[in-house]
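Q: So you can see what is in the structure, the chains are spelled out below.
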Amino acid sequence: MEIQHKKIKKRVTRNELLFIAMVIPGIVFLLIFSYAPMYGLLMAFQDYIPAKGVFGSKFVGLEHFQYILKLPDIAQVTKNTLYIAIMKMIFNTVLPITFAILLNEIRVLWVKKSVQTIVYLPHFLSWVVLASVVVNLFNLDGTINQILNQFGLSSLNFLGSNQLFPNLLIGTDVWKEFGYSSIVYLAAITSIDPGLYEAATMDGATWIRKVWHVTLPGMLPFILLLTILNVPNILNAGFDQVYNLYSPIVYKSGDVLDTYIYRIGLIGRQYSLGTAVGLVKSVIGLVLIFGSNKFVEKKMNRVMF
Amino acid sequence: MQDKSIFRSTIIYIIVILLGLSCLIPMWNVVAISLSGSDAVMANKVGLFPVKFTLGAYEKIISDHQFWRSFGISVFRVVATLAINLFLIVTMAYPLSKSEKAFTTRKIFMNIMIFAILFSGGMIPTYLVVKRLGLINSIWSLILPGAVPIGSVILVMNFFRGVPKSLEEAAAMDGATPWQTLLKIYIPMSLPSLATVSLFSIVGSWNDFFGGLLYMTRTENYPLMTYIQSLTINISETLQNSTGLTAEQFQALTAVSNKNLNAAKIVVAVLPLLLIYPFMQKYFVKGIVVGSVKE
Numbered sequence: 001m002e003i004q005h006k007k008i009k010k011r012v013t014r015n016e017l018l019f020i021a022m023v024i025p026g027i028v029f030l031l032i033f034s035y036a037p038m039y040g041l042l043m044a045f046q047d048y049i050p051a052k053g054v055f056g057s058k059f060v061g062l063e064h065f066q067y068i069l070k071l072p073d074i075a076q077v078t079k080n081t082l083y084i085a086i087m088k089m090i091f092n093t094v095l096p097i098t099f100a101i102l103l104n105e106i107r108v109l110w111v112k113k114s115v116q117t118i119v120y121l122p123h124f125l126s127w128v129v130l131a132s133v134v135v136n137l138f139n140l141d142g143t144i145n146q147i148l149n150q151f152g153l154s155s156l157n158f159l160g161s162n163q164l165f166p167n168l169l170i171g172t173d174v175w176k177e178f179g180y181s182s183i184v185y186l187a188a189i190t191s192i193d194p195g196l197y198e199a200a201t202m203d204g205a206t207w208i209r210k211v212w213h214v215t216l217p218g219m220l221p222f223i224l225l226l227t228i229l230n231v232p233n234i235l236n237a238g239f240d241q242v243y244n245l246y247s248p249i250v251y252k253s254g255d256v257l258d259t260y261i262y263r264i265g266l267i268g269r270q271y272s273l274g275t276a277v278g279l280v281k282s283v284i285g286l287v288l289i290f291g292s293n294k295f296v297e298k299k300m301n302r303v304m305f
Numbered sequence: 001m002q003d004k005s006i007f008r009s010t011i012i013y014i015i016v017i018l019l020g021l022s023c024l025i026p027m028w029n030v031v032a033i034s035l036s037g038s039d040a041v042m043a044n045k046v047g048l049f050p051v052k053f054t055l056g057a058y059e060k061i062i063s064d065h066q067f068w069r070s071f072g073i074s075v076f077r078v079v080a081t082l083a084i085n086l087f088l089i090v091t092m093a094y095p096l097s098k099s100e101k102a103f104t105t106r107k108i109f110m111n112i113m114i115f116a117i118l119f120s121g122g123m124i125p126t127y128l129v130v131k132r133l134g135l136i137n138s139i140w141s142l143i144l145p146g147a148v149p150i151g152s153v154i155l156v157m158n159f160f161r162g163v164p165k166s167l168e169e170a171a172a173m174d175g176a177t178p179w180q181t182l183l184k185i186y187i188p189m190s191l192p193s194l195a196t197v198s199l200f201s202i203v204g205s206w207n208d209f210f211g212g213l214l215y216m217t218r219t220e221n222y223p224l225m226t227y228i229q230s231l232t233i234n235i236s237e238t239l240q241n242s243t244g245l246t247a248e249q250f251q252a253l254t255a256v257s258n259k260n261l262n263a264a265k266i267v268v269a270v271l272p273l274l275l276i277y278p279f280m281q282k283y284f285v286k287g288i289v290v291g292s293v294k295e
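Same order as they appear, the protein sequences are chains E and H. Under our numbering, the residue at position 143 of the first sequence is numbered 143, and the numbers go up by one with no gaps. Under our numbering, the residue at position 7 of the second sequence is numbered 7, and the numbers go up by one with no gaps.
Bear in mind the hints are in silico, worked out from the structure with no lab data behind them. Just so you know, not all the hints are guaranteed correct.
Stated by the list, open to error - In silico lysine-lysine, DSS-like type, Cα no more than 25 Å apart, as pairs:
#1 Lys282/H with Lys112/E
#2 Lys131/H with Lys281/E
#3 Lys298/E with Lys107/H
Could you put together the complete structure from these sequences and hints?
A: What follows is the structure, given as structure tokens:
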């Protein structure tokens, strides 16, 4: 008995070592490429000089953060980021839900399958590729303007107007993602108890009423969960998309935090300043993630991690 | 009643098909442009069908040295990233799928991983780390920083947890080592989840242009998406250097770019993804539903 026990114990400790050995390579990569940059955040509090490194550069405390507050663009950039990100969140929830409900009504299988194949596709394409698709459509002499002209309307400068550009970003992002985002909602619809629909039909409910009183309430937990978990993305307006579509003419309305950090920090080589802006953004993101996870844990009894 | 429901489903079919077409037509338009004569493209005459059909743009691409160089860099990057990702995903997910009893230090490693999702050093410190490692202009700068896709590790970890315990116990009875159990039981039983994370990896590294922009100072080292992106960015750099451009001047500058040649490059760049798309579709639906909503 004693020997048996020891044997098992020995095997367990041996496994422990093996398990650790297995995780270590991955952890090393994380330490180098995730944790070393976190250490590098120290440069937000320094006058970072690349030749001297984080060890040798002079500490200046909160100077950069005070400077950020005085930057003329920062308020506008933050406003742009929030507006674009929040509008994307709203429409990237509403349209996929609507689409999933409609798609669920399609009974001809080949129509359903082909539509699904097509609408999932843009999600898998790079913004580099989609940007030229968008430019083809929305340029001054692009397809949309040709159609507008045909109806006697004047051309709209979607890519060069500060009124239209943010909405172009929102619209094209929703266009790229609505199909793919609908997958989860479609799964949510199929998990609704069919008995509820039968009961509603017995009560003489119309289709619209069934959608309103059965489908939507059935999806609500998913919708809330995904929305709350999306809140931390409020400062991510989509670097790839903005970078590939914007130009100096629309910086005023289209410049977002990530593109701003890239331009002043990396292109302008103001490493410390760019890092300081990035740090503020990361900290707000961290607080929001903890907040939304606490909320989900408390109110919805789900543990995310 | 009957009429009403036919009317309703007709409307629904029309809306759904229109939404489908809204995704198809703009992309098809690029294909049509790539097959059209450049004067027809400049005059914006190309809609759904090529005007003055020509394969000229594709012939030009064949002799475009940089295009194929970048294409090769992207292929190597995708293959190497996939191999490293899969290796690290499996070697991390397997031990982490064990209970705290079997793997007492699990929590430490789990926390290291999770904190890396929650918080990051951001663009500039990451750039400086890669630079300090001497990876600027090296293909590895495009591969190593994303070596551990944490979301995928968690997805596969959850999948491993679903593998029946009895199988592993039976294997242990027969004297199988943990390595053998992993290779003979866990991996074969988790192929759908491994396919899903493979596709995420392939799509992600093929589509990324920013890594090339950040870490490559020489155009000859650009991966394909960065190269294609640089063809269009030249316009905006011209814009940046000149001040006070009107909308018309902006327009004139954009028109100078060789539209049908760029369209052809885009078509060729998307082709590899389209080829694996049917395989992708089989797995990603399952993958994201399992991955995103955990009970």
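Q: Each of the hints needs a verdict: does it hold here or not?
A: Results for each hint:
1. Taking the CA atoms of Lys282/H and Lys112/E, the gap is about 15 Å. The hint holds against a cut of 25 Å.
2. With a CA separation close to 23 Å, the supplied pair Lys131/H and Lys281/E stays within the 25 Å bound.
3. Of the pairs offered as hints, the one joining Lys298/E and Lys107/H holds, with about 22 Å between alpha carbons and a cut-off of 25 Å not exceeded.
Violated hints for the displayed structure: none, as all numbered hints are satisfied.
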